[in-house]
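Trainee: Using the sequences and the accompanying hints, generate a full structural model.
Order-wise, the sequence lines are chains A, B and C. The numbers in our numbering rise by one with no breaks, and the one at position 254 of the first sequence is 254. The numbers in our numbering rise by one with no breaks, and the one at position 145 of the second sequence is 145. The numbers in our numbering rise by one with no breaks, and the one at position 164 of the third sequence is 164.
Incorrect hints may appear among the rest.
[As the list claims (entries may be wrong)] On the chain C side, residues computed to face chain A include the following (Cβ under 10 Å): (1) Arg83; (2) Gly86; (3) Ile106; (4) Gly107; (5) Pro165.
Hints listed in this document are in silico derivations from the structure and should not be mistaken for laboratory results. From the three backbone atoms N, C-alpha and C, an ideal C-beta is built for every residue, glycine too.
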Amino acid sequence: MISLRVKKKVQNTFLFLFAFLSTIIAIIPLFSIIFEVIKNGIEAINLDFFIQLPGPLGESIGGIANAIQGTLILVTLASIIGVPIGVITGIYLYEYGKEKKSTLISFSVDLLYDLPSIVVGIFVYITVVSPMRSFSALAGALALAIVMIPIIAKTTEESLTLVPPTISEAGIALGIPKWKNIIFIVLNSAKNGVLNGIVLAVARITGETAPLIMTCLGSNFWFSGMDKPINSLTLLIWRYAMQPYPSAVKKAWGAAFLLLLVALALNLLVKSGGERK
Amino acid sequence: MPRLLDIGLNELVSITKRMSDTAEEAISMAVNAYFEGKNVRDDVYEKSMKLKELKDEVRDLAFELIMKYQPVAIDLRTIESTLDASYGFSRFSRYALDIADLTNKLGNLTECDHTKIKHALSIVQWMVSKSIEAFETKNVELAKEVIKKDDEIDEIYNESLTNAAQMGKVKDIRCVIADILVIRYLERIGDHACQIASAVGYVVEGKYLPT
Amino acid sequence: MKTKIEIRNLNVWFNKRQVIYDVNLKVPEQAITAVIGPSGCGKSTLLRAINRLHDLIPEAKVKGEVLLDGKDVYKEDPLVVRRKIGMVFQKPVPFPSMSIFENVAIGVKLNDLAKKERLEKIVERSLRMAALWEEVKDILESPATSLSVGQQQRLTIARTLALEPEVLLMDEPTSALDPVSMKKIEELIVNLKNDYTIVVVTHDMRQAARISDFTAFMYEGKIIEFNETSELFRNPKEEITEKYITGRIS
Numbered sequence: 001m002i003s004l005r006v007k008k009k010v011q012n013t014f015l016f017l018f019a020f021l022s023t024i025i026a027i028i029p030l031f032s033i034i035f036e037v038i039k040n041g042i043e044a045i046n047l048d049f050f051i052q053l054p055g056p057l058g059e060s061i062g063g064i065a066n067a068i069q070g071t072l073i074l075v076t077l078a079s080i081i082g083v084p085i086g087v088i089t090g091i092y093l094y095e096y097g098k099e100k101k102s103t104l105i106s107f108s109v110d111l112l113y114d115l116p117s118i119v120v121g122i123f124v125y126i127t128v129v130s131p132m133r134s135f136s137a138l139a140g141a142l143a144l145a146i147v148m149i150p151i152i153a154k155t156t157e158e159s160l161t162l163v164p165p166t167i168s169e170a171g172i173a174l175g176i177p178k179w180k181n182i183i184f185i186v187l188n189s190a191k192n193g194v195l196n197g198i199v200l201a202v203a204r205i206t207g208e209t210a211p212l213i214m215t216c217l218g219s220n221f222w223f224s225g226m227d228k229p230i231n232s233l234t235l236l237i238w239r240y241a242m243q244p245y246p247s248a249v250k251k252a253w254g255a256a257f258l259l260l261l262v263a264l265a266l267n268l269l270v271k272s273g274g275e276r277k
Numbered sequence: 001m002p003r004l005l006d007i008g009l010n011e012l013v014s015i016t017k018r019m020s021d022t023a024e025e026a027i028s029m030a031v032n033a034y035f036e037g038k039n040v041r042d043d044v045y046e047k048s049m050k051l052k053e054l055k056d057e058v059r060d061l062a063f064e065l066i067m068k069y070q071p072v073a074i075d076l077r078t079i080e081s082t083l084d085a086s087y088g089f090s091r092f093s094r095y096a097l098d099i100a101d102l103t104n105k106l107g108n109l110t111e112c113d114h115t116k117i118k119h120a121l122s123i124v125q126w127m128v129s130k131s132i133e134a135f136e137t138k139n140v141e142l143a144k145e146v147i148k149k150d151d152e153i154d155e156i157y158n159e160s161l162t163n164a165a166q167m168g169k170v171k172d173i174r175c176v177i178a179d180i181l182v183i184r185y186l187e188r189i190g191d192h193a194c195q196i197a198s199a200v201g202y203v204v205e206g207k208y209l210p211t
Numbered sequence: 001m002k003t004k005i006e007i008r009n010l011n012v013w014f015n016k017r018q019v020i021y022d023v024n025l026k027v028p029e030q031a032i033t034a035v036i037g038p039s040g041c042g043k044s045t046l047l048r049a050i051n052r053l054h055d056l057i058p059e060a061k062v063k064g065e066v067l068l069d070g071k072d073v074y075k076e077d078p079l080v081v082r083r084k085i086g087m088v089f090q091k092p093v094p095f096p097s098m099s100i101f102e103n104v105a106i107g108v109k110l111n112d113l114a115k116k117e118r119l120e121k122i123v124e125r126s127l128r129m130a131a132l133w134e135e136v137k138d139i140l141e142s143p144a145t146s147l148s149v150g151q152q153q154r155l156t157i158a159r160t161l162a163l164e165p166e167v168l169l170m171d172e173p174t175s176a177l178d179p180v181s182m183k184k185i186e187e188l189i190v191n192l193k194n195d196y197t198i199v200v201v202t203h204d205m206r207q208a209a210r211i212s213d214f215t216a217f218m219y220e221g222k223i224i225e226f227n228e229t230s231e232l233f234r235n236p237k238e239e240i241t242e243k244y245i246t247g248r249i250s
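Mentor: Next comes the structure, spelled out in structure tokens:
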């Protein structure tokens with residue numbers, strides 16, 4: 001007859017080991033990915049990598065400069081469109097989301113949030129690329145913006161909701177109009193959360209590929225106009241990763257490594273932003 | 001569940017009851033001894049000291065309750081009037097002592113005509129007992145009756161004073177002096193009984209009954 | 001005494017359930033009026049009906065009149081009403097993302113009531129009135145959340161005072177505070193009554209007895225009794241009042 005104490009100790013230890021091992025198993029793929037990317041990507045990093053165009057496929061020289069430029073342009077443009085719309089939508093949902101008249105908007109935002117990004121790409125293809133008869137940076141930016149908006153709207157709404165209602169009440173009691181209260185008091189109090197949401201959305205679209213495939217196509221050249229095709233890091237990886245040319249594959253690994261660094265940097269930004277509160 | 005304050009208030013009631021009993025006893029003892037010529041001064045003095053002790057106890061307890069519980073409304077008024085009443089009871093015994101002292105100081109007074117005093121006494125004893133009852137039962141009507149009786153005592157006092165001033169030669173001057181003094185003491189006892197009765201109105205209705 | 005606020009036939013419903021029944025009350029000017037009563041009797045609801053906070057709650061319905069100096073606040077611009085009638089809440093809520101200075105100035109700033117140059121003067125004056133200036137004058141730029149809870153409550157009072165209201169509504173202003181802070185705030189409130197009409201909702205009867213000139217007792221949504229504080233606490237007229245203040249019902 002084992003004593004109760006011993007039994008409990010055994011149970012505790014067993015559960016702890018089980019949890020520990022499960023965690024290790026979950027983390028292993030993540031670490032192996034990071035490991036592979038670093039291992040293969042580091043080789044590709046040199047100065048040329050950053051400043052040179054890729055040149056024809058299979059060329060062993062060249063870099064991914066236009067892809068870097070392209071990603072920067074697309075993300076910036078998408079943010080200029082997506083962030084204001086997303087934040088305003090988030091504010092609207094915070095203030096009116098529960099009312100009957102807003103069910104359509106609220107539902108649409110939820111739907112858009114879950115929409116596969118490739119569908120967004122197809123949509124923009126049909127509505128922008130087709131009529132323009134050209135793949136374009138504009139279309140790519142639009143597609144990314146559409147992906148961003150529901151993310152930012154949701155995180156903004158959640159951050160605003162997390163602000164204690166007593167703060168909103170205190171603002172109103174000061175005799176300021178409702179809109180000023182929402183923006184200068186409540187939003188102000190939630191700004192860390194809102195900014196975090198924006199950073200996360202930016203990180204997300206930086207790594208998006210599907211919407212760009214059907215909208216900006218990719219290119220081997222520098223940015224040449226909003227109405228022309230444009231390259232991006234993700235498009236480059238998509239194109240080069242499965243090529244038979246080792247130089248292409250190398251560039252793809254390099255690009256992957258760069259994306260990993262960007263993701264890391266953005267996540268660190270979010271973490272430090274969270275502590276600034 | 002009784003409030004914490006109620007425990008203290010009940011204690012206050014029981015001390016006050018002891019005081020009122022002792023005061024009544026002191027008055028009877030002193031007056032009976034007056035009629036019988038006995039010297040009970042020491043016994044009455046003892047009761048008087050007891051009452052002084054109890055009065056201090058009441059005061060201590062009252063202020064402790066105020067400090068602890070910050071009573072309001074009827075609780076506060078009850079405590080206030082209990083302090084008033086305890087003073088009244090201690091005065092009862094003071095005058096009882098004065099009466100007991102008379103036999104001491106003036107000698108044997110059994111031969112004097114005590115009819116008037118006996119009449120005054122019965123009124124005052126009624127007033128004392130009923131004022132105590134009104135106070136304990138918070139009976140405003142009874143209190144009002146006690147206050148009404150005070151006029152009678154005042155009348156008897158004024159009467160005996162006027163009569164004594166008009167008397168010519170008397171058989172025993174000591175009787176006259178003792179008479180007046182006793183009636184005076186009884187009148188004072190009656191006054192205090194009135195004040196106790198007046199406080200009943202304060203407890204129940206928030207206003208002292210007019211005396 | 002002159003009446004600053006007169007409440008006439010006030011009735012309030014939440015989701016069709018009535019919580020305030022036909023309240024009539026005259027709040028005297030430049031005095032402290034306390035509103036006491038058991039939890040849920042409607043005292044906070046009553047307070048919030050005065051500065052129209054119920055406007056923001058769609059489930060709330062208010063009927064009746066609240067006259068400020070003779071004019072019904074429900075017929076005036078609610079923003080102006082709320083500037084004239086300030087409110088301090090139970091939980092000290094300094095705005096977390098702002099400094100001490102910004103907290104005090106924000107009401108004035110957002111209402112466009114003063115130019116930048118005057119803000120410093122206004123902030124200092126308000127903090128002095130709230131008995132907080134000496135403690136914070138050197139740290140005005142630090143976050144408001146770095147203050148102790150008692151100081152934070154005084155900060156919210158300063159914030160309200162910066163708008164130069166005529167009336168101060170206080171909803172259990174010391175419930176969340178330790179006894180020392182509570183005492184400081186009580187002293188502050190009593191000092192303020194010379195310049196403001198103050199209404200304090202409190203569940204602490206002793207506090208009402210300590211600081212108020214007039215007391216209203218509410219029970220189940222009705223005003224049962226209203227009188228000078230010393231009179232109400234020594235000689236209440238209604239039985240329920242007596243039962244409540246002597247602790248026989250809660």
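Trainee: For each hint, tell me whether it holds in the structure or not.
Mentor: Consistency of the hints with the structure:
1. Arg83: holds, 4 Å
2. Gly86: Hint on C:Gly86: holds, closest Cβ of chain A at ~7 Å, below 10 Å.
3. Ile106: holds, 7 Å
4. Gly107: holds, 4 Å
5. Pro165: holds, 9 Å
The earlier numbered hints are all upheld by this structure, with none contradicted.
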